[in-house]
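Peer 1: Protein chains in written order, with the working numbering: chain A, 1 to 104; chain B, 1 to 355.
No lab work stands behind these hints, which were simulated from the structure alone. Any given hint could turn out to be false.
[To be verified] Straight line, CA to CA, 25 Å or less: simulated SDA-like cross-link-like pairs of lysine to any residue:
id, chain 1, residue 1, chain 2, residue 2
1, B, Lys67, A, Asp35
2, A, Lys39, B, Ser276
3, A, Lys88, A, Ser72
4, A, Lys30, B, Lys67
5, A, Lys30, B, Glu234
6, B, Lys67, B, Phe106
7, B, Lys13, A, Gly2
8, A, Lys30, B, Gly351
9, B, Lys293, A, Gly2
10, B, Lys277, A, Arg33
11, A, Lys39, B, Glu234
12, B, Lys67, A, Ser72
13, B, Lys67, A, Glu36
Fair warning: this is a prediction, and the values are worked out from it, not measured in the lab.
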Amino acid sequence: MGMPISHIMTSGMSGIRAAGDLVARMQFAKNMRIDEAKKFVADKLNVAPIDLSDEFAMREIREDLGIGVITSVAEAPKGIAAKMNIEKLLDIEINSCERFRNQI
Amino acid sequence: MATEYSIRMGDGKRVYHDKKQIMDDLEAGIADAADLGEISGLSSDETERIAEIIMLEGRMVGVEEGKEVPVTHDISTLRIDGDQGNSGVGIPSSRMIGCMMHERAFGADTMELGHIDYSYKPVKPVIAQECQAMEVCQQNMIIPLLYGAMPNMGLYYTPDGPFENPGDLMKAFKIAEAQESIEKSADHLTRDMIWIMQHLMRSASDGVNFDTTGAAGDGDMYSTLHAVEALRKEFPNMYIEVGMAGECVLGMHGGLEYDGTTLAGLWPHQQAPLVSKAGANLFGPVVNTNTSKSFSWNLGRAVTFIKAAVEASDIPCHVDMGMGVGGIPMFETPPIDAVSRASKAMVEVAGVDGI
Numbered sequence: 001m002g003m004p005i006s007h008i009m010t011s012g013m014s015g016i017r018a019a020g021d022l023v024a025r026m027q028f029a030k031n032m033r034i035d036e037a038k039k040f041v042a043d044k045l046n047v048a049p050i051d052l053s054d055e056f057a058m059r060e061i062r063e064d065l066g067i068g069v070i071t072s073v074a075e076a077p078k079g080i081a082a083k084m085n086i087e088k089l090l091d092i093e094i095n096s097c098e099r100f101r102n103q104i
Numbered sequence: 001m002a003t004e005y006s007i008r009m010g011d012g013k014r015v016y017h018d019k020k021q022i023m024d025d026l027e028a029g030i031a032d033a034a035d036l037g038e039i040s041g042l043s044s045d046e047t048e049r050i051a052e053i054i055m056l057e058g059r060m061v062g063v064e065e066g067k068e069v070p071v072t073h074d075i076s077t078l079r080i081d082g083d084q085g086n087s088g089v090g091i092p093s094s095r096m097i098g099c100m101m102h103e104r105a106f107g108a109d110t111m112e113l114g115h116i117d118y119s120y121k122p123v124k125p126v127i128a129q130e131c132q133a134m135e136v137c138q139q140n141m142i143i144p145l146l147y148g149a150m151p152n153m154g155l156y157y158t159p160d161g162p163f164e165n166p167g168d169l170m171k172a173f174k175i176a177e178a179q180e181s182i183e184k185s186a187d188h189l190t191r192d193m194i195w196i197m198q199h200l201m202r203s204a205s206d207g208v209n210f211d212t213t214g215a216a217g218d219g220d221m222y223s224t225l226h227a228v229e230a231l232r233k234e235f236p237n238m239y240i241e242v243g244m245a246g247e248c249v250l251g252m253h254g255g256l257e258y259d260g261t262t263l264a265g266l267w268p269h270q271q272a273p274l275v276s277k278a279g280a281n282l283f284g285p286v287v288n289t290n291t292s293k294s295f296s297w298n299l300g301r302a303v304t305f306i307k308a309a310v311e312a313s314d315i316p317c318h319v320d321m322g323m324g325v326g327g328i329p330m331f332e333t334p335p336i337d338a339v340s341r342a343s344k345a346m347v348e349v350a351g352v353d354g355i
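Just chain A, with the same shape it has in the complex (with noise of 0.2 Å):
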């Protein structure tokens, strides 16, 4: 259990504290290395990669996106309505939103 959080705390992007869950949705979905996925999401944001993993540089910007933050916000998008909000903002499909879209 501590060897994985280790692994976060010393080389890792901190999630959707961060972006850390952007740029590993550019590398699967479209097999970005490390410095194109980072620029890519850098890009779309607007911000400096230096920023993907900052978590005060990107808190705001998550709520004003509606891409999921780790706390309660009234109204904000959790779930499957933030991955939409993901899916737009990085132009590529996820699974689970197409999955829901063809049930509505």
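With chain A fixed as given, assemble chain B onto it according to the hints.
Peer 2: Leaving out everything else, chain B in the frame of chain A:
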């Protein structure tokens, strides 16, 4: 007297080495990887940089700001609610709670759902439950959520499975029969993994993680590559991750090929192009830890192998860095001084795209 630094052995035990011993061990580990893999060693600057990381003050170290990478996860939430006498801590919870804890409390960049046995074969009888769990988790999660399990082809051999155990056949010098059993098991495993992931993709999974690929040798990898190929064809947008079991593919069969390349004996830099060719998005190379050697020897060796794999790959490489791989001591609770130093060296010297 030279300054001595606290480091670890490959089994996690603390020892004290001076800089000369650290450099000697690093160079020996690098040379071992270069010799086995027939790859370039590290430059003197790179070797010196790893030594600096090993000798850094402070219990835990971190990558330089701006060099962070996504950290993907294997073994699912079993590390929280599971306990197989290894890394699970056996806390009563649910898999959805485990996924959400990773996302919201631990800062994980991706996560995965998995069966308690963490092999594909046992998933078949409970596929409906796995699909239900995936749907519920996807409703609540934001980070990429894959389905993960081990191909674990050993489960297809007697006494656990339908095909005669090739180990028993080989002991009786029935080599051709052993090879035939491996081939049949591989085909069966491929069909099972495709069938399972077809269901989970229809239940909203972001994709799949084939964890510990090649654990049962070249047949295990052969099966996985064919499953990747078929899934990529059916699901063009599926996230596919292939993580290896060991640094070298064991030739249990010896003659199996993928895309004209013999699988037995492949090292990480030779595995990467095949994984990409099959259609995976992300490759998890492995380098095993030698418990009798120092952390310096193991880390130098691991960084050398992984740097070559990163250079040979045209897809992102997330190096496997669990207990006993990637320079990390072979221990259930690896010391964080060693974990953080290995993590930093892999990012800053090997140039990995993630962990």
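Peer 1: Honestly, which of those hints from before does the structure not fit?
Peer 2: Checked against the structure, the hints that fail are numbers 11, 12, while the rest are satisfied.
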